[in-house]
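Asker: Listed below are the residues making up each chain.
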Amino acid sequence: MKILAAMSGGVDSAVAAARAVEAGHEVVGVHLALSRMPGTLRTGSRGCCTVEDSMDAQRAANKIGIPFYVWDFSERFKQDVVDDFIAEYSAGRTPNPCMRCNERIKFAALLEKALALGFDALCTGHYASVEKDTEGNLELHRSVAMAKDQSYVLGVLTEEQLKHSYFPIGKAANKDDIRKEAKQRELSVANKPDSYDICFIPEGDTRDWLSDKIELTPGSIVDMEGEELAKHDGALGYTVGQRKGLNIGRPAKDGKPRYVLEIRPKENVVVVGPEQALTISELSGEKFSWCGKAPKNVVDWFDAEVQVRAHGESHPCKVRVIDGQMVIRPNLPIRGISPGQTAVVYLGARVLGQATIDKTVSAVMEQV
Amino acid sequence: MPVYLDHAATSPIRPSVLAHYSKALEQVGNPASVHSFGQSSRQMLEEAREIIAESVGCDRSEVIFTSGGTESDNLAVKGLYWKRNSEDPKRKLIVTSTAEHAAVLDAVNWLVAAQGAQVHFVPMDQDGVLDLTDFSRVISERASEIALVSLMWANNEIGVVHPITQIAELAKRYSIPVHSDAIAALGHIPVDFRASGLQAMTITGHKIGAPVGVGALILARSEKLTPVLHGGGQERNFRSGTPDAAAASAMALAVKEAVQEQPSKLQLHAKLSEKLISGVREIAPEVKVSSENVARLSNNVHFRFPGCLGDSLLFLMDVNGVSISTGSACAAGVSSPSHVVLSLGADADEAMGTMRITFGHNSTEADVDAFLEAFPKAYEGAKKAGLTRR
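Heads up: the sequence lines are chains A and B, in that order.
Sequential numbering from 1 applies to the first sequence in the numbering used here.
Sequential numbering from 1 applies to the second sequence in the numbering used here.
Just chain A, with the same shape it has in the complex (with noise of 0.2 Å):
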């Protein structure tokens, strides 16, 4: 096959490339260039789109012996990754970028660019895997690696864009095990640190961040009862479920920490409260798909797992779809979700579906 490998300038997506040239496909490796100034160097080990990134990304594919370009989407980055981030936030929710950069970038953008140019596939070092069922038909599998199984970021991939992704270390038993094998193929970026955060917010506060993006305008924290607890200089940027840097100053009468459980952007208004308040009993989205093929009855209720954050536990929950809305309803309630946020369900290790979610319904208070 031809074989689009795209390369972060990090140790997975370069292991991943040399597996495919290995496994006798033909294969050119792509960095993308996502951020608007690519010249500039990486601060701490965030980030994937530095030009130390892209010299990383470029020594690799040259040690394995494959040509390489630079392919610019930091136009469509910033449409539909980063301006979608603030908008979400701006409203009020939590959104995951990763995610919409999969969903849209990865796995479109580039995708269709790669499949306009002639490639049959996409590879990338992510730890997940590609499987046939009985029939034949394609399903995504989290990686045997669980500690780094990336299933949940591709949750919103479809049936289609299964069939041209390729995943090389999917199957690999740990993320040492593929460092030891960049070592072996003499691959520099073999100890290089591991990402995490978000790439385009470089010194990893949200909140920052977003303050010179937004406007934000002081406002009430507010109790369950409405009752003003403190002042914010701004709701947006708060996160359902945190606790930390509310200021409240005085203590709860239980003497318990508040969380986090609701921001209301229209009044400007953040609601915190104990933390059995976030618990919740049911969530919903009308922006849903499916991962493959869909399951041939989902209006009754039916079983199955659900992931509500990259490197969380999943949940035994029943799931339906009604109303043109995917609804979730955990068997036992889950605490910490917030709009925006994305539900990635599961059947045993398939990925079954996702959806981001609109709506959730506390357990404890009425509808949130």
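Each hint should be verified, as a subset may be incorrect.
Below, simulated BS3-like cross-link-like pairs (lysine-lysine); rule was C-alpha separation at most 25 Å, straight line [as the list claims (entries may be wrong)]:
# : chain 1 : residue 1 : chain 2 : residue 2
1 : A       : K192      : A       : K213
2 : B       : K384      : A       : K2
3 : A       : K2        : B       : K90
4 : B       : K377      : A       : K78
5 : A       : K163      : B       : K383
6 : A       : K2        : B       : K83
Keep in mind the hints are simulated off the structure, nothing from the lab.
Given the coordinates of chain A, assemble chain B onto it according to the supplied hints.
Answerer: Frame of chain A; chain B shown alone:
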């Protein structure tokens, strides 16, 4: 065999130059040393200077060796500005154009941002032809404020040739020094420093088959500038640092050969360009050929493909063994819209769909044939990729 059609980026070293250079590198001695080794190196350096002087029509003392085009442009622009401005602080204005090479444009921008200089950009039409009416007006109206003029002889990206002699003559009436970056012109059209009336001219070796890392600023003997590099006072005190005699000697041979071959190469390259353009037009009738009907370099063909992505075209041609350029600036390997094409009034989309083919000393018709063989499929793919953009 991969085909190389990007000579404006850099050109392969000439076999004759490679042999000569290898031999020259064996020569020990600092040209400034008094002993016999030094004298031998000095001899090599001065012979190189004479050959270049003869080839480009200047005195040998007017050849100042540098590390290449960027250094020569910086030395000319900053050096002339500093000199003129220090003699007469009213002279703050630099007259140039937005289509200059970055080595001129960024030096000017730096002088504006950090040194209080002012800039006047001579407007161009959509073909990149300079508005000489505007030029002569600014020259006559603001003569006492102008520190220097810097306008390239031929544009490295779109190939348009500027009337340098006319420009120099207009400026001469007001004793304003004119610098011209002649890198793209040398070896492709006649370049005669003396006849041009310029005060300063940039040339470099690696675009005509010499090694990378050696160039020259031709500076009229009557002209003075403030050096950028201070040190041992080599090269008329304008460019300190031990001269690279071997590289200068290699460059001299390349310049000599390039200038000697120039008339015949012009004819060959014109023929190749014609074949290339008509072949591309057959496949892509919607293509625009930049500056097609104005004075231009015969070794340069610059295409604009509406709705097509230049980087996809480059990629598809490259994987099929034909190396061309999008002709635009590059940062961290990312092509950004060309500042030259943008300054001709094209929108960002049009500026992204560009392709530059440049011929050089070893280009042949077989190169064009290989290009035309790879092009149809590449164009089809790049158009499809262009459609995937929103």
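Asker: Taking the hints in turn, state whether each one holds.
Answerer: Results of checking the hints against the structure:
For the given pair, A:K192 sits about 32 Å from A:K213 by alpha-carbon distance, which is inconsistent with the 25 Å threshold. Straight-line distance between C-alpha atoms of B:K384 and A:K2 comes to about 17 Å, which keeps the hinted pair within the 25 Å bound. At most 25 Å may separate the alpha-carbon atoms for a hinted pair to count; A:K2 and B:K90 exceed this at roughly 63 Å. Simply put, B:K377 and A:K78 have alpha-carbon atoms about 31 Å apart, too far for the 25 Å limit, and the pair is violated.
Restraint check for A:K163 and B:K383: satisfied, since their Cα atoms lie roughly 23 Å apart, inside the 25 Å limit. For the hint linking A:K2 to B:K83, the alpha-carbon distance of about 59 Å lies beyond 25 Å, and the restraint is violated.
Of the numbered hints stated above, those contradicted by the structure are hints 1, 3, 4, 6, listed in ascending order.
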